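Participant: For reference, the chains in residue letters:
Protein chains: 4
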Amino acid sequence: MNPLNPSFAEDVERSFRQQPIMDLIGARLLLVEPGVVEITLPYRADMTQQHGYLHAGVVTTIADSACGYAAYSLMPAGSEVLSVEFKVNLLRPAQGKTFLARAQVIKAGRTLTVVRADVFGIAGNAERELLATMQGTMICLRNNRIRE
Amino acid sequence: MNPLNPSFAEDVERSFRQQPIMDLIGARLLLVEPGVVEITLPYRADMTQQHGYLHAGVVTTIADSACGYAAYSLMPAGSEVLSVEFKVNLLRPAQGKTFLARAQVIKAGRTLTVVRADVFGIAGNAERELLATMQGTMICLRNNRIRE
Amino acid sequence: MNPLNPSFAEDVERSFRQQPIMDLIGARLLLVEPGVVEITLPYRADMTQQHGYLHAGVVTTIADSACGYAAYSLMPAGSEVLSVEFKVNLLRPAQGKTFLARAQVIKAGRTLTVVRADVFGIAGNAERELLATMQGTMICLRNNRIRE
Amino acid sequence: MNPLNPSFAEDVERSFRQQPIMDLIGARLLLVEPGVVEITLPYRADMTQQHGYLHAGVVTTIADSACGYAAYSLMPAGSEVLSVEFKVNLLRPAQGKTFLARAQVIKAGRTLTVVRADVFGIAGNAERELLATMQGTMICLRNNRIRE
Numbered sequence: 231m232n233p234l235n236p237s238f239a240e241d242v243e244r245s246f247r248q249q250p251i252m253d254l255i256g257a258r259l260l261l262v263e264p265g266v267v268e269i270t271l272p273y274r275a276d277m278t279q280q281h282g283y284l285h286a287g288v289v290t291t292i293a294d295s296a297c298g299y300a301a302y303s304l305m306p307a308g309s310e311v312l313s314v315e316f317k318v319n320l321l322r323p324a325q326g327k328t329f330l331a332r333a334q335v336i337k338a339g340r341t342l343t344v345v346r347a348d349v350f351g352i353a354g355n356a357e358r359e360l361l362a363t364m365q366g367t368m369i370c371l372r373n374n375r376i377r378e
Numbered sequence: 231m232n233p234l235n236p237s238f239a240e241d242v243e244r245s246f247r248q249q250p251i252m253d254l255i256g257a258r259l260l261l262v263e264p265g266v267v268e269i270t271l272p273y274r275a276d277m278t279q280q281h282g283y284l285h286a287g288v289v290t291t292i293a294d295s296a297c298g299y300a301a302y303s304l305m306p307a308g309s310e311v312l313s314v315e316f317k318v319n320l321l322r323p324a325q326g327k328t329f330l331a332r333a334q335v336i337k338a339g340r341t342l343t344v345v346r347a348d349v350f351g352i353a354g355n356a357e358r359e360l361l362a363t364m365q366g367t368m369i370c371l372r373n374n375r376i377r378e
Numbered sequence: 231m232n233p234l235n236p237s238f239a240e241d242v243e244r245s246f247r248q249q250p251i252m253d254l255i256g257a258r259l260l261l262v263e264p265g266v267v268e269i270t271l272p273y274r275a276d277m278t279q280q281h282g283y284l285h286a287g288v289v290t291t292i293a294d295s296a297c298g299y300a301a302y303s304l305m306p307a308g309s310e311v312l313s314v315e316f317k318v319n320l321l322r323p324a325q326g327k328t329f330l331a332r333a334q335v336i337k338a339g340r341t342l343t344v345v346r347a348d349v350f351g352i353a354g355n356a357e358r359e360l361l362a363t364m365q366g367t368m369i370c371l372r373n374n375r376i377r378e
Numbered sequence: 231m232n233p234l235n236p237s238f239a240e241d242v243e244r245s246f247r248q249q250p251i252m253d254l255i256g257a258r259l260l261l262v263e264p265g266v267v268e269i270t271l272p273y274r275a276d277m278t279q280q281h282g283y284l285h286a287g288v289v290t291t292i293a294d295s296a297c298g299y300a301a302y303s304l305m306p307a308g309s310e311v312l313s314v315e316f317k318v319n320l321l322r323p324a325q326g327k328t329f330l331a332r333a334q335v336i337k338a339g340r341t342l343t344v345v346r347a348d349v350f351g352i353a354g355n356a357e358r359e360l361l362a363t364m365q366g367t368m369i370c371l372r373n374n375r376i377r378e
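Chains as they are written, first to last, in the numbering used here: chain A, 231 to 378; chain B, 231 to 378; chain C, 231 to 378; chain D, 231 to 378.
Be aware that one or more of the hints could be misleading.
Intra- or inter-copy, both count: the list cannot distinguish identical chains.
[Said to hold, decoys possible] With a straight-line Cα cutoff of 20 Å, these simulated DMTMM-like cross-link-like pairs (lysine to aspartate or glutamate) come out:
hint: 1; residue 1: Lys337; residue 2: Glu357
hint: 2; residue 1: Lys337; residue 2: Asp348
hint: 3; residue 1: Lys337; residue 2: Glu359
hint: 4; residue 1: Lys337; residue 2: Glu240
hint: 5; residue 1: Lys327; residue 2: Asp276
Since the hints were derived computationally from the structure, they do not count as laboratory data.
In this text the structure is predicted, and so the values were computed from the model without any measurement.
When you get a sec, could you build the whole thing from the sequences and use the hints?
Facilitator: Have a look at this one:
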């Protein structure tokens, strides 16, 4: 996929640094390519649900940001990106030493971009297990028009 | 809707206290009725995305926990609840002084329960605005059988 | 909800008549109000799946058209509507003498409209049972710009 | 993926023949492998919406049956399969001389199976275009227990 914005990688990185939630949960941007973004997150006990698994909301947080930035990487310079909707299937309890969300654009449109993200749990021995998968829609806003 | 578990409210409250993520984000259980749960969350700048709105992942976190506990309130004593899947439509940028997720069971089954949650932003003047809506499926696990 | 298009009802009816699939399955437009549309469908054995229930795809067909026209009823004159995405939870096997899809707009935007539809099975004694619920997004296209 | 049912292909084919809706729309089973099913559908004008594109409900019908049978191919002999939920993103107006739904199991569980389907439009020159993508959940029912 061809990026319209030659500084897409810097723009994604700058925007990512402007998401305070990423600091709160300890997420880091791992990879930015045209239409593909990876975010990594170390396990922390204070982000779990009642059985000690990573809360589905945190799984969603990294999947959604990965999807948003994968879409953003293909948008023209000066755009903004917002999530329109997403659906998450939780395949297994979210266990792992670290977690990885990998998002990939399925179809980039002028206004709407459809993205998919897989979230993996990575054990101490580096084995990966698919924990969840997201299918979502992102919208491109030009001229900072965020509220209709 | 008739609860099968006479101590459903205490069980929901105990399980909620066992979700460390709720502490991390500052969420509080506001209401527990058979098939209905409300969770409230004060705005905090460290939970926002790049435009200063509450991150969609945090919106999802309280919606998912509200859905899970609304389903759980109708399950037999000794069950466990896990999220199977959910879909979230983000209707407006998530602004507010506080946020409220209100979940309501649509159909409670022996194994699967379908739940809907609305997330509202509440301004300083107490005005409510619908920000997002979730439609999801929860699964009832008996005898603590969490991993298949 | 206030319609922007004074002839919204006629426009919905005309567009509905232009959907050949509605004829094929025997669906009829029952109600058109601003932001609300109902479609009814008599049971037919040739629209069922392997257990004799209405196929989920047919349930979806009437839910999707109801959602599309509920959204369309609030769009400006001269627009076109297309489905962006939808999610359907199937709550019970689709039994009934007739079926009713009732769609209601949750949030109408300039570009995107979020709609919900419930599909009911109606027995011979007129009793209604909720079979499925859809949550979807519709897009408003101006000037017939259907392909990006 | 390893089939538990040695006659999975025959069982899928028999069940497919028992779906009258497939006859109504002219759909044909093209491929059955463990965890993978393809269904093909020739274009017909009587299955379109108001702009002449295949109705999203018909796109969903073949995607849902493909997902159901992909899941079914991995279930033990004597099971039944039902759709729990699905989400469809419609990427482009559904044009084509024929359509192909290809479903692939993402995670097969004892009770729930998560499946993805892509629906392609195939032009006269055999070029494929991705039109829609579904992510859904199927449930395995043993002993014909279809209604809870």
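Participant: Each hint should be assessed against the structure and marked as holding or not.
Facilitator: Hint check:
In this homomeric assembly, Lys337 and Glu357 come within 20 Å of each other (Cα to Cα) only across copies, at 17 Å, whereas the closest approach inside a single copy is 30 Å. For the homomeric pair Lys337 and Asp348, the shortest alpha-carbon distances inside one copy (16 Å) and between copies (12 Å) are both at most 20 Å. Proximity of Lys337 and Glu359 under a CA criterion of 20 Å is satisfied inter-copy only: 11 Å between copies versus 26 Å inside one chain copy. In the homo-oligomer, the alpha carbons of Lys337 and Glu240 never lie at most 20 Å apart, since the shortest distance is 22 Å inside one protomer and 35 Å across protomers.
In this assembly of identical chains, Lys327 and Asp276 lie within 20 Å of each other by CA distance solely inside one copy; the values are 14 Å within and 24 Å between copies.
Hint 4 alone, counting from the list given before, is not met by this structure.
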